[in-house]
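Colleague: Spelled out, the chains give:
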Amino acid sequence: MRRTTKADIIVPVFFLSPALITLALWIYFPLVEAFWLSFHDWNMMPTAAKTFVGLQNYERLLELPEMGPAAINTVYYTIGLLPLTVGLPLVIALMTQRLEGFQRNIYRTVIFLPMIMAPVVVSVIWRWLLSADYGLVNKAITSFGIPKVQFLNDPDVALWTILFLTGWKLIGFSTLVFAAAITQIDKNVMEAARMDGASEMKLSTNIIIPLISPAILFVGFLTVLHGAQWSFVYINVLTRGGPLGSTTNLFYLLYEYGFGNFAVGWSTAAGMLLFAGFGIIAVGCLRLMQRHATYAN
Amino acid sequence: MTLANPSIGIATPARSTPRARPREWNLRSHALLLPLAFLCIFPIYWMIVTSLRADNEIFSSVLWPENPSLKNYAYVLHAVPMMKMLFNTFYIAIASTVLQVLTGLMAAYVCARWTRTLGKWMLGLLTITWLIPPQVIMIPNFVLVNQMGLMDTLSAVIVPQIASAFAVMMIYQAIRSFPQELIESAQLDGASHVRVLFGIITPNIKPILASVSIILFISTWNEYFWPLLVNRSMENAVIQIGLQMFMTAEGNQWGPLMAAATLASAPILILYIVLQRQIIDTFVRSGFR
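Chains A and B, in that order, are what the protein sequence lines are.
Read in this note's numbering, the first sequence has 113 at position 113, and its numbers run on one by one without any break.
In this note's numbering, each number is its position in the second sequence, counted from 1, plus 297.
Relax, there's no trap hidden among the hints.
Computed footprint of chain B on chain A; a stretch qualifies when at least three of its residues, placed anywhere within it, have a C-beta under 8 Å from a C-beta of chain B:
#1 8-16
#2 20-34
#3 112-124
#4 164-174
#5 229-238
#6 249-262
#7 267-274
Chain A side only, calculated, beta carbon under 8 Å to chain B, not exhaustive:
#8 T96
#9 T109
#10 L129
#11 A282
The hints are simulated quantities; they were obtained by calculation from the structure and are not laboratory data.
For each residue, glycine too, the CB sits at the ideal point set by N, CA and C.
Turn these sequences into a full structure, and let the hints steer you where they fit.
Modeller: Structure representation (structure tokens):
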């Protein structure tokens, strides 16, 4: 056992400091500051006074008419993504396990591609494909005699379009995460089950899915915790929350209050509620994940 | 056909129900994967094709450009400071990546070696950042950049990204799986911490550092939200913001718009073509540990 020297204390502190200072300066202090600002009235002008207003911002939020629909949309964005990030990829991963070699690599390369594309580029491309006038999708639809769809301008459709674009980027990624988890299952377990006459369906539901449940839960929780945030870019580039507020969500509302209305108090108060809400969900998710991680082993 | 058959050599091939033969599996796999692959690649293909079309055939539904032309590219390069914005983004992505790997190495070393005290707290702090949405802290961040006088500069985009939780976590795992005896014996020989980290560990985890760097580069290149707040003029904007500005200004000029989008994604696409296997593996591995 070595003696504790001065270097043993100075070195770790010195090594940690760049990362720690960055975290403190740009994440943790701002979090405290946002909490403090949520009890104040301010318009972001450096010269303007910050007036203490107590809980008034929080009370106001509950009365704002756009709050309810935005909260409901946030739930849609969160739950609506699950079929695209968990459901469909799981089915595909289960049904394509035996594909090997060259073909497998080609598919991997192609279906992963959307994941590396910038969300702004994705927005621009789909804006063109879905354009009401000359977009390829509408051309295809009308050639079957179905009337045109205003994918981004119809209040009943726009949210689903944004949801699809958010999911489009992730289908391939999730599929590969599940496929990778499946290849890590002990081959003997699967072979034994097959020898015992288990059907492929049974094999999937009784053996594979329980064994890869940590990966499924991980992707599921990632979607629940971050899904509504992922949609932010598409909303801001393509619809700005419209038409008629149909595509807005709480994250977008925070941005609008802050940088549209310069209502710092509202934005930070809503931010604190959002942070608390998702924090509670996250703790629940972690609990569930820990239980399942031990179950899978 | 030499399809992998795991049951070779075991028992007899004559089963009572001849299900799940490789050929059937393959057919089913293709039936599922072909449409998915089409859905994933066609939009990107259509972007490139549209960018190469001449003015009079922009609205054509033919699947390839009949008279390919680079006019749209010439227009974009002329109309907006495209090259400047691409350079800005390169500069920011490379600077952020280098800084994040460097601060990540140092922090990860502490996390991996002082596991009971400092390291443990640091890992906790890093994990919690994952739960803090950028929209919650954007106003204090914005105010701070303003106070530092960095608004509308390239540094404004880099400064908050000097360290990243992702980089620390990935490098931490690499150092944890590094043989501890090597580190201990080096220290018994009198090697300092700096020497252990940069002389012994770093050269040995190069492949992981390379993978992490690629992911950091791609994600900084694609970053949108923070630049949206601190970019003002096209001259000082990253390409993603520039692309959005161009779209807002000339939204239905589909040819030039697709040329701009192609230019904005070209570096990433080229990187992907060269290093796809490594990129996919790193993303997938970091996705579920």
